[in-house]
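Protein chains: 2
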Amino acid sequence: MVMDVGDYQSGDVLDCKGGVLMSGLVNAHTHTPMSILRGYKDDLDLHQWLSFMWEKEASIYNDIMNVGSEISVIEMLLSGTTAFVDMYFNPSGIKGLAEKYRIRAFAGETFMDNREDSESVKRRQESLSPSTFFKPIVNVHSLYTASLETLHKAAQIAKSQKTWIHMHVSETRQEVYSIKRKTGKFPVELLNETGFLNLIQAVHMGWITNQEISYMKGKTSTHCPTSNMKLATAGSFPFKEMHESGVNVTIGTDGAASNNSLDMFREMKTAVLLQRHSYWDLWVKASHVLEASTVNGYKLIGINGGEVKKGKVADLVILDRRSMLPLKEDRIVSNLVYNVTGNAVKTVIVGGEISYDVSMKETFLNRIETLYNEVKDL
Amino acid sequence: MVMDVGDYQSGDVLDCKGGVLMSGLVNAHTHTPMSILRGYKDDLDLHQWLSFMWEKEASIYNDIMNVGSEISVIEMLLSGTTAFVDMYFNPSGIKGLAEKYRIRAFAGETFMDNREDSESVKRRQESLSPSTFFKPIVNVHSLYTASLETLHKAAQIAKSQKTWIHMHVSETRQEVYSIKRKTGKFPVELLNETGFLNLIQAVHMGWITNQEISYMKGKTSTHCPTSNMKLATAGSFPFKEMHESGVNVTIGTDGAASNNSLDMFREMKTAVLLQRHSYWDLWVKASHVLEASTVNGYKLIGINGGEVKKGKVADLVILDRRSMLPLKEDRIVSNLVYNVTGNAVKTVIVGGEISYDVSMKETFLNRIETLYNEVKDL
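So the sequence lines, in the order shown, correspond to chains H and F.
The numbering used here puts the first sequence at residues 1 to 378.
The numbering used here puts the second sequence at residues 1001 to 1378.
A couple of the hints might just be wrong.
Pulled from the structure, derived: some chain H residues nowhere near chain F, Cβ distances all over 10 Å [unchecked claim]: (1) GLY11; (2) GLU55; (3) TYR101; (4) HIS141; (5) TYR144; (6) ASN210; (7) MET229; (8) VAL313.
Straight-line C-alpha distance at most 27 Å; calculated DSS-like pairs for lysine-lysine [said to hold, decoys possible]: (9) H:LYS17 - H:LYS310; (10) F:LYS1162 - F:LYS1312; (11) H:LYS41 - F:LYS1240; (12) H:LYS159 - H:LYS185; (13) F:LYS1328 - H:LYS361; (14) H:LYS17 - F:LYS1361; (15) F:LYS1328 - F:LYS1312; (16) F:LYS1153 - F:LYS1182; (17) H:LYS56 - F:LYS1240; (18) H:LYS328 - F:LYS1361; (19) H:LYS346 - F:LYS1376; (20) F:LYS1376 - H:LYS328; (21) F:LYS1041 - H:LYS309; (22) F:LYS1041 - H:LYS285; (23) F:LYS1328 - H:LYS41; (24) H:LYS240 - F:LYS1041; (25) F:LYS1376 - H:LYS285; (26) F:LYS1041 - H:LYS376; (27) H:LYS285 - F:LYS1056; (28) H:LYS17 - F:LYS1376; (29) F:LYS1285 - H:LYS41; (30) H:LYS361 - F:LYS1309; (31) F:LYS1285 - H:LYS56; (32) F:LYS1056 - H:LYS328; (33) H:LYS346 - F:LYS1361; (34) F:LYS1056 - H:LYS361; (35) F:LYS1240 - F:LYS1185; (36) H:LYS376 - F:LYS1285; (37) H:LYS328 - F:LYS1041; (38) H:LYS41 - F:LYS1180; (39) H:LYS100 - H:LYS361; (40) F:LYS1017 - H:LYS376.
It should be emphasised that the hints constitute simulated quantities derived from the structure, not laboratory data.
Beta carbons are placed, not taken as given, at the ideal position from N, Cα and C, and that holds for glycine.
Construct all of the structure, not just a fragment, from the sequences and the given hints.
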């Protein structure tokens, strides 16, 4: 099967023989610094775990965050992710890593009223500027940690920086009930009334009500199946209904403390499994989650990519064909989603140049180990 | 951390530096030949898929089954599985593969009245004998494809061969309702009344009723989370209740046509995720599924293993420590279950000798490709 993917332009010729070429994957929601907390007391009761996490996180300063982000960036490249959307407190560090490793990063300061007053956050956010592989986004942690006034402020900056707001929405029952009790409205309903919903990438959405789905038309929602299952937040992200209502559905791994992997291939499979189990229905297919992790992800980040096609940006992944046998035309999508893991990735190309090749694997793995050693006392 | 795992006996010394040593994993339910049908029309509606599968399977003769089983055996070794329980129609082929690859295989003929009369199956089953790595088991497909008379026959052979019956039980609502309508009893209730339940390894069990759990005390049940989620059979395997009632809970991948991976590390993680999502509860921990896939698996197959401990059989796996960072004592179990995949496996030892080492990886991967080429017209 040979397809024309564009006219020859210039540069090096890459031999893809023995490989399977596909679009790079977009991890639409993660917290890169949290790789350093991977596995930390993560089988305790949710509230116990959270209090341990917050305690630890209070001692994590910027240089440590950057160590965690570097670990996550390497792990994402190793497993075929070419772009990611991050929520944490070290966007400048992430900008440096994006340029160093040639991975597309979308990160920003995070508004969270119980952590820091919104004016200081605003000032730092305004100083962020884009670079080749980095673009600022505005993070608002959630409706239960940020006031509507803060959200207003965030929306103004998002507009002036021509970017979007990345926000946890309707993740838990507790959140939905508390917002409803306080305001008389459901979270998405409330966000719709602020007039800012079109700026918002709404993450998790396990507890969105049916009547709210229509407000999401033309907007972006992100599904994080593994993390929500592991934390037993329950709920059911309405993938089919969102898709049919014209919502741009994307997929994210969430942070390594709650997943604990950052492998988008595994995440795609888990997304199908969760949907099928929740709805007793086979409607969600491998092709849907592949589209959500490629085409839809690129739509979210505003880059014309996500497909191996003439005119699209060359953010590509080459997989070892022996990881996805039998290699038959009608089984490729099934194999990509249900069989492959990120370990099949041989080469990652971002913007037409190689960001990772399997010949760099040992170096990358050793670098991860060195980084973990730097924070081993944490 | 150094522990005494026994006195020095004899043989070669293996340098495990840089690795993490753990017990080998038991895949308690699979259909090895089905690797050749991996990805085949697997996103169709369940009944459409099944009719395509049956059509294809009718053309799969013994030599083709053995090709599929060899692929699966190699994949299982590559991902740290040291023993597996198989249901299909080529036990003699599997016996040969078990000896060739040094993996513990438990397979037998399969009673399935709509496929073949039970007398012919019985004759072939009686001719099966154990070898170093192979032991016959008796497969009864299910209560809806085998009569109670057939089950009687199977039980007699199982007793005379000092083995057990491996059987799909209460996998779908349809199955439970049809048995209840026909006999007035639920499947496990019915099996209990036959007097043979103590011989049965009951697989799937997503639709077992609460009152049946007590009958399972001291018996073995096998959870196949991925396959049941992918096929949207729904139901909820009552892991906690079975565990607390003294059931020996084990885990299996099911066949590659319905999973589509045979990686027990991925299966352990999915088991926790499914349990937590189904029950909105964090009770099932990484340690439970690790125990289910090691200690409990070895208990099922009647071999004193599943632990790195003095006196236990040396069925062991060595993992690349860089796949499970941060490597801290309190995070090892979390990392094994939530982070690692089979790709972290460097060495597999069965019965004290090496069955797979990462230096054989290319040879193994190429062998899989050669095998798929042999059946490429299927």
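The hints, checked one at a time:
no., hint, result
1, GLY11, "holds, 30 Å"
2, GLU55, "holds, 15 Å"
3, TYR101, "holds, 18 Å"
4, HIS141, "holds, 23 Å"
5, TYR144, "holds, 20 Å"
6, ASN210, "holds, 20 Å"
7, MET229, "violated, 4 Å"
8, VAL313, "holds, 28 Å"
9, H:LYS17 - H:LYS310, "holds, 20 Å"
10, F:LYS1162 - F:LYS1312, "holds, 22 Å"
11, H:LYS41 - F:LYS1240, "holds, 21 Å"
12, H:LYS159 - H:LYS185, "holds, 25 Å"
13, F:LYS1328 - H:LYS361, "holds, 23 Å"
14, H:LYS17 - F:LYS1361, "holds, 20 Å"
15, F:LYS1328 - F:LYS1312, "holds, 25 Å"
16, F:LYS1153 - F:LYS1182, "holds, 21 Å"
17, H:LYS56 - F:LYS1240, "violated, 31 Å"
18, H:LYS328 - F:LYS1361, "holds, 23 Å"
19, H:LYS346 - F:LYS1376, "holds, 25 Å"
20, F:LYS1376 - H:LYS328, "holds, 9 Å"
21, F:LYS1041 - H:LYS309, "holds, 26 Å"
22, F:LYS1041 - H:LYS285, "holds, 11 Å"
23, F:LYS1328 - H:LYS41, "holds, 11 Å"
24, H:LYS240 - F:LYS1041, "holds, 21 Å"
25, F:LYS1376 - H:LYS285, "holds, 25 Å"
26, F:LYS1041 - H:LYS376, "violated, 48 Å"
27, H:LYS285 - F:LYS1056, "holds, 22 Å"
28, H:LYS17 - F:LYS1376, "holds, 19 Å"
29, F:LYS1285 - H:LYS41, "holds, 11 Å"
30, H:LYS361 - F:LYS1309, "violated, 34 Å"
31, F:LYS1285 - H:LYS56, "holds, 22 Å"
32, F:LYS1056 - H:LYS328, "holds, 16 Å"
33, H:LYS346 - F:LYS1361, "holds, 15 Å"
34, F:LYS1056 - H:LYS361, "violated, 40 Å"
35, F:LYS1240 - F:LYS1185, "holds, 24 Å"
36, H:LYS376 - F:LYS1285, "holds, 25 Å"
37, H:LYS328 - F:LYS1041, "holds, 11 Å"
38, H:LYS41 - F:LYS1180, "violated, 44 Å"
39, H:LYS100 - H:LYS361, "holds, 16 Å"
40, F:LYS1017 - H:LYS376, "holds, 19 Å"
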